[in-house]
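Student: Sequence:
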Amino acid sequence: GEVVQLDEESINFLNVTINDFANEALRTLCLAYMDIENGFSAEEGIPASGFTCIGIVGIKDPVRPGVRESVELCRRAGIMVRMVTGDNINTAKAIARECGILTDDGIAIEGPVFREKNQEEMLELIPKIQVMARS
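In terms of our numbering, the sequence shown is residues 24 to 158.
Simulated from the structure, these hints should not be mistaken for laboratory data.
For lysine to aspartate or glutamate, the following EDC-like pairs were computed, each having C-alpha atoms within a straight-line distance of at most 16 angstroms: (1) Lys83 / Asp43; (2) Lys151 / Asp128; (3) Lys151 / Asp127; (4) Lys83 / Glu121; (5) Lys83 / Glu47; (6) Lys151 / Glu133.
Taking CB as the label site, the calculated pair distances span: (7) Val86 / Gly62: 41 to 51 angstroms; (8) Phe74 / Ile102: 39 to 49 angstroms; (9) Asn35 / Lys151: 27 to 37 angstroms; (10) Gly109 / Asn35: 21 to 31 angstroms; (11) Val86 / Asn42: 16 to 26 angstroms; (12) Asn35 / Ser158: 23 to 33 angstroms; (13) Arg50 / Val26: 22 to 32 angstroms; (14) Val39 / Thr108: 20 to 30 angstroms; (15) Glu32 / Ser93: 41 to 51 angstroms; (16) Asp127 / Ile102: 18 to 28 angstroms; (17) Tyr56 / Val136: 25 to 35 angstroms; (18) Asp128 / Val86: 14 to 24 angstroms.
Please read all numbers here as calculations on a predicted model, not as lab measurements. Using N, Cα and C, we set each Cβ at its ideal position, and we do this for glycine too.
Kindly produce the complete structure, drawing on both the sequences and the hints.
Tutor: Put into structure tokens, the structure is as follows:
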């Protein structure tokens, strides 16, 4: 193939694809490379740009058998089940729904968004939060 610059339309397409993967509980990876002419030094750190994107892939990390049933058993015992994860909010919500953690009346929120709330807002949200993503 031919190496081409990503235009705005291509970047938007990739972002939509990444969000679609996340909504399907897929972990998203970008496969990319960079030619390094003068070697690599760990002290310099990893560059933030200049890579050639080969593709975007989504990997399914299946929920273990029995998780949904265990969540339901905890709920019946009066235990509030919550999920705290470093995942993208869309991935976290999809996985939480698959596990039975996120219900229609529950809230999924990103940690940084929650931390921006004042104390009164936090106290109102806490009982409804079922998923805390990017935490």
